[in-house]
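The hints should help you fit chain A onto chain H, whose structure is shown.
Residue numbers (our numbering), protein chains in the order written: chain H, -6 to 179; chain A, 29 to 527.
Keep in mind the hints are simulated off the structure, nothing from the lab.
Hints are not guaranteed to be accurate.
[Stated by the list, open to error] Label pairs and their in silico Cβ distance ranges: (1) A:M29 with H:V103: 53 to 59 Å; (2) H:L120 with A:M189: 43 to 49 Å; (3) H:L120 with A:V495: 57 to 63 Å; (4) A:M428 with H:S105: 52 to 58 Å; (5) H:A127 with A:A182: 14 to 20 Å.
[Stated by the list, open to error] Covered stretches of chain A (chain H as the covering partner; in silico rule of three or more C-beta atoms under 8 Å from a C-beta of chain H): (6) 86 to 93; (7) 118 to 127; (8) 362 to 370.
[To be verified] Only some residues are given here: those of chain H computed to face chain A with a beta carbon under 10 Å: (9) A66; (10) G67; (11) L68; (12) S71; (13) M79; (14) G82; (15) G83; (16) E87; (17) P95; (18) P96; (19) L98; (20) D100; (21) P108; (22) V111; (23) V116.
In this text, a Cβ means the ideal position worked out from N, Cα and C, and glycines have one as well.
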Amino acid sequence: MRRSLVLDVSVRLLYPSIIVLSLYFLFSGHNQPGGGFVGGLAASAAVSLRYVTGGLEAVRRSFRSEPPTILGAGLALSVGTAVFPMLLGGAILEHATLELHPPVLGDIKVTSALPFDVGVYLVVIGLILMVFEAFGDDRDDEMEMVEAPTVPATSVREEYRALTQHTSSSTQHAAASARLEENETS
Amino acid sequence: MNSALVPLPIVIPLLAAALAVIFVRFHIVQRAIALSALIGSVGVSIALLVQVEEHDVVKMDAGGWAAPLGITYVVDRLSAIMLVTSSLMLLIVLIYAIGQRGVEDNHLAFDAVYLVLAAGVAASFVTGDMFNLFVAFEMMLAASFVLLTLGGRADQVRGGMTYVVISLVASAMFITALALLYASTGTINMADLAQRIPELSSGVRTGFSLLLILVFGVKAGLFPLFFWLPDSYPTAPGPVTAIFAGLLTKVGVYAIIRTQTLLFPPDSQQGTVLLIIGGLTMAVGALGALAQDDLKRLLSFHIVGQIGFMIFGLGLFTVAGISAVVFYIVQTILVKTNLFLVAGLIDRHTGSSRISRVGGVVRSAPIIAVFFAVPALSLAGLPPSSGFAGKFALINAGVMSSQWAIVTVALIVSLLTLFSMTKIWAGVFWGEPESATPLAEGRTNGGPPLMVLATGLTVALSISFVVFAGPMFELAERAGDDLMNPSAYINAVLGGGGS
Chain H
-6 MRRSLVLDVS VRLLYPSIIV LSLYFLFSGH NQPGGGFVGG LAASAAVSLR
44 YVTGGLEAVR RSFRSEPPTI LGAGLALSVG TAVFPMLLGG AILEHATLEL
94 HPPVLGDIKV TSALPFDVGV YLVVIGLILM VFEAFGDDRD DEMEMVEAPT
144 VPATSVREEY RALTQHTSSS TQHAAASARL EENETS
Chain A
29 MNSALVPLPI VIPLLAAALA VIFVRFHIVQ RAIALSALIG SVGVSIALLV
79 QVEEHDVVKM DAGGWAAPLG ITYVVDRLSA IMLVTSSLML LIVLIYAIGQ
129 RGVEDNHLAF DAVYLVLAAG VAASFVTGDM FNLFVAFEMM LAASFVLLTL
179 GGRADQVRGG MTYVVISLVA SAMFITALAL LYASTGTINM ADLAQRIPEL
229 SSGVRTGFSL LLILVFGVKA GLFPLFFWLP DSYPTAPGPV TAIFAGLLTK
279 VGVYAIIRTQ TLLFPPDSQQ GTVLLIIGGL TMAVGALGAL AQDDLKRLLS
329 FHIVGQIGFM IFGLGLFTVA GISAVVFYIV QTILVKTNLF LVAGLIDRHT
379 GSSRISRVGG VVRSAPIIAV FFAVPALSLA GLPPSSGFAG KFALINAGVM
429 SSQWAIVTVA LIVSLLTLFS MTKIWAGVFW GEPESATPLA EGRTNGGPPL
479 MVLATGLTVA LSISFVVFAG PMFELAERAG DDLMNPSAYI NAVLGGGGS
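For reference, chain H alone in the conformation it holds in the complex:
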């Protein structure tokens, strides 16, 4: 898999920031724009960026759990939150709020909508991971089978050279890199 330096570095910066943003959406969602679904989409966008740079392997390394486990746990959490009030004699999906006033942190408001939103967040991420598992792998394998093996790049410059000149065979590529090296030495 050919990697792009600019993309790699920017994604390294972007990934944590987008995840933080997605968590903000998740926690603010109960009475502001945001919520589990939007948060999950933002997090999935971050994961997709990793896919663009590092392929399926990078996506797999981002999460320890298997995609079906994430999806299932999310759905179970959401449905569980919906049913829980019924165990206490309320209606399905009924909500409660808890407001705390701890000394330093200011006012904290927690609603029982939060676990529901966390569930939705997990469902969205789990689904996107499963989509990558299902569709993300084939193309790379095929490309590797079709494309002739390329000479491993030794410098960043050379890698970009290869990107601009689309070489179809290894001999051409070798010739090109040989020419490049000649230019560099002269």
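Just chain A now, with coordinates in the frame of chain H:
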């Protein structure tokens, strides 16, 4: 009356689907979860039917928000009857699918997706809110897209594409209709709509009525919009076809009955239109079936034909007509599921589902012949069967309303149905197989025990349906009475339930 049981038919399968996804690597655990969830659903549905018999309408407001604003889950007699029937069929078909070993049925996602389908079907019957009905339809459709193409074969994907496109078009129209309804009345709660729609001008009401018939007509497979059905259903894996044939189109019919009887005052109910559509649907179904050689395709055309009978009963807009429809839907769900399960057994037994290539099954596997005979007689409407009781009630209602044209069509169509059943019988059960000998290992057992057991259960259910036809029909009459006088439903939803 408020009841904590009301949302359970949706919640139980959904929670089980979540667990099935978590235990995706443990096949036996998945199966156990799916089975126990569906058994639970059957139990809850029966309990709901008992409650409804006592209190007429039971409901629960989601989140504790009262009716016109919040989402209400309501169960009346029709919903409860549909819930019991559908959950029983889902359970039986799951048993059949467990018995049928094959690539498609041991697919990792099968149980989870099947449970989501169960939740979607239950949600359509339970919801009292138009937008929630849309969500329920989408849940059901998303699950059915996956189930339809589970094998990944070329013909499945082709049939699936037709189904996906037509369903999405219908969904787009549905959501547009909802937007228009909300724009003109300011509510999408069904009970509230029932009070607001009479305030609209009659042209607008007729427009809405027709638009909703069109939307649900696509899902139900009504006359000009049925073409996707015989193309897509037969390609799916056996048990999936059985559950689609038995249930999904009937959910569309349920939605038509619910919206037409509840939302619209008598002067904008589309009686004549529905009678014409019903007649054409019946005729097309029966005539189309005559030309088919593939067993599953032939039966798929009969699905369309039977939808026509239901629309005929609804189009009368009399208590007798609607009661007959309620009775007929239940028996047709039983019969259709049964026939497709038998078609799966025949396919497995002989290696083909083409009538011209199969033969002599009555000798090689008599039990399959018995299993086929009961629902086939029922479908044709011959006297000792449940289909006879259903068709008799429908035609009786038609005669009482003096709708002679549609009664004539219904009788001719019944005759044609009998003809295609005899065609199947002569081709599949009598005669000699044209090509290879039947693949029967054991001559008498007819297939893997669980598959035979599941098919046997549907046969037993449809026989007991005849035996208890009296009480069943009284129940259907009470349901029909509720539907034609929806004030109890509206009061229960809007008036705090009286408890």
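Hints, one by one, checked against the model:
| no. | hint | verdict |
| --- | --- | --- |
| 1 | A:M29 with H:V103: 53 to 59 Å | 34 Å, violated |
| 2 | H:L120 with A:M189: 43 to 49 Å | 22 Å, violated |
| 3 | H:L120 with A:V495: 57 to 63 Å | 48 Å, violated |
| 4 | A:M428 with H:S105: 52 to 58 Å | 55 Å, holds |
| 5 | H:A127 with A:A182: 14 to 20 Å | 19 Å, holds |
| 6 | 86 to 93 | holds (count 5) |
| 7 | 118 to 127 | violated (count 0) |
| 8 | 362 to 370 | violated (count 0) |
| 9 | A66 | 6 Å, holds |
| 10 | G67 | 8 Å, holds |
| 11 | L68 | 4 Å, holds |
| 12 | S71 | 8 Å, holds |
| 13 | M79 | 6 Å, holds |
| 14 | G82 | 8 Å, holds |
| 15 | G83 | 6 Å, holds |
| 16 | E87 | 5 Å, holds |
| 17 | P95 | 29 Å, violated |
| 18 | P96 | 33 Å, violated |
| 19 | L98 | 29 Å, violated |
| 20 | D100 | 24 Å, violated |
| 21 | P108 | 14 Å, violated |
| 22 | V111 | 14 Å, violated |
| 23 | V116 | 9 Å, holds |
In this structure, the hints that do not hold are numbers 1, 2, 3, 7, 8, 17, 18, 19, 20, 21, 22, in rising order.
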